[in-house]
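Novice: What follows is each chain in one-letter form.
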Amino acid sequence: MKKMLTLLVAIALGAVTPAMAETTLEKIARTGVLTIGARTGSPPFAFVDAQNQWVGFSIDLVEQLILPTLSKKVGKPVKLEKKESTPPTRIPLLASNAVDLIAETMTDTRSRRDSVDFSLTFFVTGAQFLVKKGSPIKGIKSIAGRRVAAQQGSTNARIIREQAPKAQLREFPDQPAAFQALAQGQVDTYTNDGIQLAGLKAKAPNPRGWEIVGDFYSYEPYGMALRKGDADFRGVVNNGLMEGIDSGKFFDIYEKWFGPKGELPYPMSPDIKKFMIYQAVPK
Amino acid sequence: MTYQFDWSVLWTGQSGEWLLQGILTTLGISTLAWLLAAALGTVSGALRTVPFAPLRALATCYVEFFRNVPLLVWMFFWYFAVPPLLPGPLQDWLFNHGAEFWAGMFALGVYHGARFSEMIRSGIQSIPKTQFEAALSTGLTTAQTYRFVIIPIALRLIIPPIANESLNLLKNSSVALTISVTELTFQTRQIETYTARAFEALTAGTVIYLALCLGIATLMTKIERRFALPGMIGRVASAEH
Numbered sequence: 001m002k003k004m005l006t007l008l009v010a011i012a013l014g015a016v017t018p019a020m021a022e023t024t025l026e027k028i029a030r031t032g033v034l035t036i037g038a039r040t041g042s043p044p045f046a047f048v049d050a051q052n053q054w055v056g057f058s059i060d061l062v063e064q065l066i067l068p069t070l071s072k073k074v075g076k077p078v079k080l081e082k083k084e085s086t087p088p089t090r091i092p093l094l095a096s097n098a099v100d101l102i103a104e105t106m107t108d109t110r111s112r113r114d115s116v117d118f119s120l121t122f123f124v125t126g127a128q129f130l131v132k133k134g135s136p137i138k139g140i141k142s143i144a145g146r147r148v149a150a151q152q153g154s155t156n157a158r159i160i161r162e163q164a165p166k167a168q169l170r171e172f173p174d175q176p177a178a179f180q181a182l183a184q185g186q187v188d189t190y191t192n193d194g195i196q197l198a199g200l201k202a203k204a205p206n207p208r209g210w211e212i213v214g215d216f217y218s219y220e221p222y223g224m225a226l227r228k229g230d231a232d233f234r235g236v237v238n239n240g241l242m243e244g245i246d247s248g249k250f251f252d253i254y255e256k257w258f259g260p261k262g263e264l265p266y267p268m269s270p271d272i273k274k275f276m277i278y279q280a281v282p283k
Numbered sequence: 001m002t003y004q005f006d007w008s009v010l011w012t013g014q015s016g017e018w019l020l021q022g023i024l025t026t027l028g029i030s031t032l033a034w035l036l037a038a039a040l041g042t043v044s045g046a047l048r049t050v051p052f053a054p055l056r057a058l059a060t061c062y063v064e065f066f067r068n069v070p071l072l073v074w075m076f077f078w079y080f081a082v083p084p085l086l087p088g089p090l091q092d093w094l095f096n097h098g099a100e101f102w103a104g105m106f107a108l109g110v111y112h113g114a115r116f117s118e119m120i121r122s123g124i125q126s127i128p129k130t131q132f133e134a135a136l137s138t139g140l141t142t143a144q145t146y147r148f149v150i151i152p153i154a155l156r157l158i159i160p161p162i163a164n165e166s167l168n169l170l171k172n173s174s175v176a177l178t179i180s181v182t183e184l185t186f187q188t189r190q191i192e193t194y195t196a197r198a199f200e201a202l203t204a205g206t207v208i209y210l211a212l213c214l215g216i217a218t219l220m221t222k223i224e225r226r227f228a229l230p231g232m233i234g235r236v237a238s239a240e241h
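Going down the list, the sequences are from chains A and B. Going by the numbering used here, the letters in the first sequence line up with residues 1 to 283, in that order. Going by the numbering used here, the letters in the second sequence line up with residues 1 to 241, in that order.
In isolation and in its complexed conformation, chain B is listed as follows (with noise of 0.2 Å):
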């Protein structure tokens, strides 16, 4: 017997709705996650490489600590471990706006924060030392080589692996459905539940990932051209994508 294939099922009755709106939470928790990934990779994959050792085993506890845990781990922590921490009027406000969007975005920020932060690592350490050496020489302080020289140059570098880290950190936004954000597999399976159409609910699910994903890629194809430094990552400005 072959399957018989129902696609009406996509856009008959809430589909739609549901598909639009699992779209729109998953970007939402994403481009959040995202911002916070960012600015803590950054910070701490620059702390990782200053000449001050309390700072640097810092920022090395953090990376080891978020990234050698599981996503799903850190999804219960934010959701069922920090609240209790907060006090109780507050938790009560929060669990009545959205707390599962906050905690599944924290977890998702603060984990792909120290995946961010080694690969600003990486960037920042494959940069000659000499560069370091000239900025300080022309009287910047250490803050402000980082600042100005050193993280420009090393963001620019790293456009590639973050932009695989970025469709990585989409994809793991799923994950939150365990702790009830309806996110789109959320909204895929439940189209399944009430069509019990799991074929046509799965394949639509996959093919808006791709094409999230696809958007992205695309993106910071974009990006990495606009910001190139003539000369120094120079390769980039011919290469096709």
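Same shape as in the complex, but just chain A (with noise of 0.2 Å):
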């Protein structure tokens, strides 16, 4: 126990002063091996396929997108390995150097960025609204008297009590039950972030038959996480994913997993495009 005590220490203490005898490209630059985090569970983002094999949208980021950049920059072919990261584990596995980068579905946020370095933004998603198609809902500031569906706890429940306190708010400690409450009629519209969102429209037994509706009104964007502090490879990271989104690469592989063909439909709005385009500076 107290050995295993010691070992949390050491491995949150390294969190906070990464002791680095190399830097991230040197060390990728002696193994030729660039290691990263993923889940095996979070279609599409990173998950175990039919076929049994280790796929997704920040798998084929980080594949097809910084592994040219990364070899280019320490002049020698690198080699992709994946390990398994959860959210309890990707700080610590990060920090105790076991893998590099973390390519998942990690909400970028303040409080975070004192224990880690995020990436650009990947993918964003935020709250929306889940509705029968032709329902009047059309996002936050049309659900007064509405019966709104939420998750019990969830960050939403609260935004919508504090700026639509004239909505019924039902809170539900499920998603199932949520969604057959919507189903039903009990409640009008049920929200969740955009990407739950679509996740669930597309297993619903008539997808057609549901819209998912309204701006975000919460704000979850999606960053790579890598130790902080190590702005080198932060760099080539960041370039491998500015080159892709000048290129259209990035946007090829996004149709590729979320398009209308993809493992799970969720086009990517006007606004969004936008923003993933000015993220990429001039070179």
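Accuracy of the hints is not assured; some may be wrong.
Computed footprint of chain B on chain A; a stretch qualifies when at least three of its residues, placed anywhere within it, have a C-beta under 8 Å from a C-beta of chain B [as the list claims (entries may be wrong)]: (1) 145-152; (2) 159-173.
Ranges between beta-carbon positions, derived for each pair [as the list claims (entries may be wrong)]: (3) A:Ile159 <-> B:Asn68: 38 to 44 Å; (4) B:Asn68 <-> A:Ala144: 42 to 48 Å; (5) B:Phe77 <-> A:Lys273: 42 to 48 Å.
Quick look at which bits of chain B chain A covers, simulated, 3 or more residues with Cβ under 8 Å [claimed, not checked]: (6) 84-94; (7) 180-194.
No wet-lab data here; the hints were simulated from the structure. Yeah, the Cβ is synthetic: ideal placement off N, Cα and C, and Gly gets one too.
Since each chain comes alone in its own frame, lean on the hints to assemble the complex.
Specialist: Structure, rendered in structure tokens:
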């Protein structure tokens, strides 16, 4: 137990003051390997598919955009190695040098920036509304007096309570119950992060009968996390993403996973597309 | 590292208001469900002892069906499966006027009614058969015998187990949060969400449930003493709670 504790403390301290014997770029130049942490069950970002292949949007971004730039930078081909990371393990994995980059569904927040650095934002989602096709609900401004289901304890419920006090909020502990209530008319709409709603819609018996509406009323930008203070490596990761955005390859990959024929249809709004393009600073 | 308690989260912000609202909802749903359970339990408990087989069978079906299915399933049943049977406009009106509260109330009341029923039956069956015969021989009909002799005695006999079951009912009302009834447990979780203070919020919830249950237990003891029949349930009058 004491040993475990010492180990934990060491990992925790590691997150604050990484004992950098060598920078990440030096390490990759020496070993020729980039190790990333990704999820195994988070489609379409990173998951094991029917052919037992570990694939996904965030893995493609690393493989097709970041790896080439990285190889050019260190002057030799770099191999990709994947390890499983989960929300509770991802920061310790990074801090202990077990992985160099976290490429999953991690929201970039100011408090997380105290312990890790983030790449550019590569995916944006935020809270929206799932409604039956043709519903008069168009967003957070049109839910006054309506029955709105939300996930119990979510920040979304909190925002609704503050910004739309006239809505009749019904909080359900789990997604299936909330969706059932929506399907039967107990509630008029269900609110959650857009990408969650897209997943729900795709799995519904009749996906075409549902619509995801409204501007994001909360903001969840996903970024790739890397060790704090490793500016050179972060530069390479960002350059890879920016070149992908410039060349349009980034959007092709997005289309492959989130397009109409993708694993999970979730079209990129014009605003988000603009935001992605503006993230890529000039050469 | 030791956990630093910060009890102030329970009265700063909206916490106090939420807890109060939670207590009122919990008491409201439990009281109504209790009344429903007592009514259903008394009727079906009595029917299970009558000398007429079809009525006995009907009551047995009710009891076995409702007490042997988990309460959670009943919550979903009353919330999801019952409303579609109602006409459209009424459905919509209900959904706008606390359908989840009423669904939760029915789920609790009907479920606990089946359990009350068994207690009533045991109360009735513990009354000597001669009492029944004596009542009939005074010229009362079977229904009158039940109404004026058997049930009044049975209800007095079963106060202790009923008190027990009432406490269960109150605590089971927390299951209603699965269909979004904002009762006490829901509000405790809400405080936890807003303040990230799980221990404080759960402690508050625990203490409140404890206080409510102790209140009910005390009340039931008072009722037991007030209605005790001298000579028949004589021990009760002198026994300490």
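Novice: Now, for every hint given, state plainly whether the structure supports it.
Specialist: Each hint tested on the structure:
Evaluation of the coverage hint for the stretch 145-152 of chain A: fulfilled, as 3 residues show C-beta separations to chain B shorter than 8 Å, against a requirement of three. Interface restraint, the stretch 159-173 of chain A with chain B: holds (5 residues with C-beta to C-beta distance below 8 Å; minimum three). Range check, Ile159 (chain A) to Asn68 (chain B): about 42 Å between beta-carbon atoms, so the 38 to 44 Å window is met. Between Asn68 (chain B) and Ala144 (chain A) the Cβ separation comes to about 44 Å, which falls inside the hinted range of 42 to 48 Å.
Checked against the hint of 42 to 48 Å, the C-beta distance between Phe77 (chain B) and Lys273 (chain A) comes to roughly 46 Å, which is consistent with it. A count of 3 residues in the stretch 84-94 of chain B with a Cβ less than 8 Å from any Cβ of chain A is obtained; the coverage claim is therefore met, three being the minimum. Note: the stretch 180-194 of chain B has 8 residues with beta-carbon separation from chain A under 8 Å; the three-residue rule is met and the coverage holds.
Violated hints: none; the structure is consistent with every hint.
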